[in-house]
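Asker: Quick one: dock chain against chain with the hints and give me the complex.
Below are the chains, spelled out letter by letter.
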Amino acid sequence: MRYKLIDILVCPECKGFPLALHSMRKINISDSNEFAKKRHNRDGFECSVFCGLKNKSIKRMESQRAGAEICENCLSINIVSGSLSCIKCNAKYKIERGIPRMIPKRFFKTHI
Amino acid sequence: MQIPYIHFLFDGTMTEGLGRNAKHVYSAYRKMVKSYEKTNQLMTFFRVNSWRRFVTHKIAERLIKDGIRLPRVLDAGAGPGFMADILNKEISSDVILMDYSIEMLENSVIDCDKVQGLFEAMPFRDGVFDAVIAGFAFHASIDMNKSASEFARVGRAYAGVVSIGKSSNRLYMLLGKLYINYMIPLIARLSAGKNYTEFKKIGSIYRHIPDNARLCMIFRKYYHVTIFREKAFGTIYQITAKKKTR
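Chains as they are written, first to last, in this note's numbering: chain A, 31 to 142; chain B, 28 to 273.
Don't read these hints as lab results, they were simulated from the structure. In this text, all values refer to a predicted model and were calculated from it rather than measured experimentally. Don't be surprised by glycine CBs; every beta carbon is placed ideally from N, CA and C. Watch out, some of these pointers could steer you wrong.
Here's a subset of chain B near chain A, in silico, CB distances under 10 angstroms, partners left out [unchecked claim]:
1. I129
2. D140
3. K141
4. V142
5. E147
6. M149
7. F151
8. R152
9. D153
Looking at chain B on its own, in the form it has when it is part of the complex (with noise of 0.2 angstroms):
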């Protein structure tokens, strides 16, 4: 198993996740917004919205089959909430976005309250979701040990994330390792013009996620996980989650 890629946090205690760099990455994510969405198109082949919409059909399914009307769903690090939409087109819910960077929620694709606010620190009270869904955020997360806690807390039931990951085997490992540092900027250059620079960081945050096995074993802790998918050589994971009763 990979050593776990661990940091310190402000209070001196040790982390999984981008820790201190976060500074470098969520400056990157707000100078990004205009490009983010046709980059992410075009870096994952037209992929992304499919990769999307399998997580939150998976979430909308349990929703109906547990006769939730008009569940409270909440879009954590939504960006400007292409996640939510895609689970609006399935059920109709009452949507929350949740985000750090105040100019991807201002430019948001969907009607609904806006929150700014972090994973790690949720200013919701505890189970008032019904389903708590992350689509291409948790990578950017400060601490995940943290933020999957808090994602049990806020959320009732379910919880679905789509995210960058790390394969486990050590091959495909070096191939998204590859393409993230040197693929992905040449084709942000394509879509994001000056910014294509910002695009680098992702590199940054492949180099501190921890790999998918980790990842994994981090939700199990809260959840119990129903789906693990890998795609694209790993470096793209989804999970459908329903969280464990105490």
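This is chain A alone, in the form it adopts within the complex (with noise of 0.2 angstroms):
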């Protein structure tokens, strides 16, 4: 997964956000990403409220002007392995081979 799903991931159990996000192994994916090249034309930040990489909010990032930089270089890391924790109830959601599992405990034990 990229970082710029956390500026939309929301813990699915009580819809908390942001989600604090521990990265345990990180790879450069290359400049032939698609995202990246579609991105390119575009003015200012990639996300509206949450920036995963700086951990900050993107009000704050704006007042200090920081841009379109930090998205290009944001777009060519994939987190491949790591968990997702929710500052709210304390649910934790593990990325396992670049994908985050999002299902919570409730489901796993009676659908799933």
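Answerer: Quick look at the structure:
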């Protein structure tokens, strides 16, 4: 997963936001990355509320005038493993093989 | 009108959808990853992509009309991402695939971000997607009412769904039942080999989904349904809808 997901992911249990990221392994993905190409001409920040890479709100970053460069770098990083945790309800979600596992525990017990 | 197909959730609330039967259906989907699309093509007489394309085309049209550059789209119940792939050919978009099956996501056909999640508890902020699409997935939801409300919560504007349905016409319903219970396992035997028994579980989906009229009503709670079409004797339905503004 890329850092930009942190801007939209919430805890599926309590809808807590933002989730705290504890990344264990990251890899750089090549410039041929399709999304990075599409984003190339966009101004400002890729994310709208929270920057996962800098762990700061976008409002704060805008005041510091840090912009497009950060996003370019960010999009070329892929988080392969780690975990996400909800600050509100303490629920933890693993990231394995680049995919965050965001299924609430109560569903695992009864439905999956 | 049909009596709604009601189940009880873990918390005792009533719902329409797979309910606790999801366990068997989900395990079947995990096992059919490799033969999934091949069998899909065969059992729909190679019409599956045209049904997907109809919905994605309508959604793309609306996104273009609204002038949204690089729209963010959620492919809910994406499987390997066929629906998103078709949409991407029509409009350049930032797609996110969500499915409960890791096996399906790992075999995805497009390069984009993937999230393991459920329709009923989507792990996304409110209104972050310009459109939510679902191709042959909505029938597998545990609680259809909750799923539709989650579609409307995470989506800002449009929804496009193509899925297995059940006609409100009793004759068509019987034909659909016969086809799904007897023909599909036979077809799956050709394409899926040993795993053909997993396709028998689609019969369980057909038993548990409400009829198409009721499904349309569920969507109408949250959306203005712009297109509702039934195909193949009502065993397939296509919906495109715009979110109600409150």
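Asker: Each hint should be assessed against the structure and marked as holding or not.
Answerer: Each hint, compared with the structure:
For the restraint placing I129/B at the interface with chain A, the shortest Cβ-Cβ distance is roughly 6 angstroms, inside the 10 angstroms limit, so the hint holds. Satisfaction of the interface hint for D140/B is found here, the shortest Cβ-Cβ separation to chain A being roughly 5 angstroms, below the 10 angstroms cut-off. Nearest Cβ of chain A to the Cβ of K141/B: about 5 angstroms, under the 10 angstroms cut. The hint holds. Interface restraint check for V142/B: the shortest CB-CB distance to chain A comes to about 5 angstroms, inside 10 angstroms, so the restraint holds.
A distance limit of 10 angstroms between C-beta atoms decides the matter here; for E147/B the minimum to chain A is near 8 angstroms, and the interface restraint holds. With 10 angstroms as the threshold, the beta carbon of M149/B comes within range of chain A, its nearest partner Cβ sitting at about 7 angstroms, so the hint holds. For F151/B, the interface hint holds, since its Cβ comes within 10 angstroms of a Cβ in chain A; the closest pair sits about 5 angstroms apart. Evaluation of the R152/B hint against chain A yields a held restraint, the C-beta minimum of about 5 angstroms falling below 10 angstroms.
Given the 10 angstroms rule on beta carbons, the hint for D153/B holds: about 8 angstroms separates it from the nearest Cβ of chain A.
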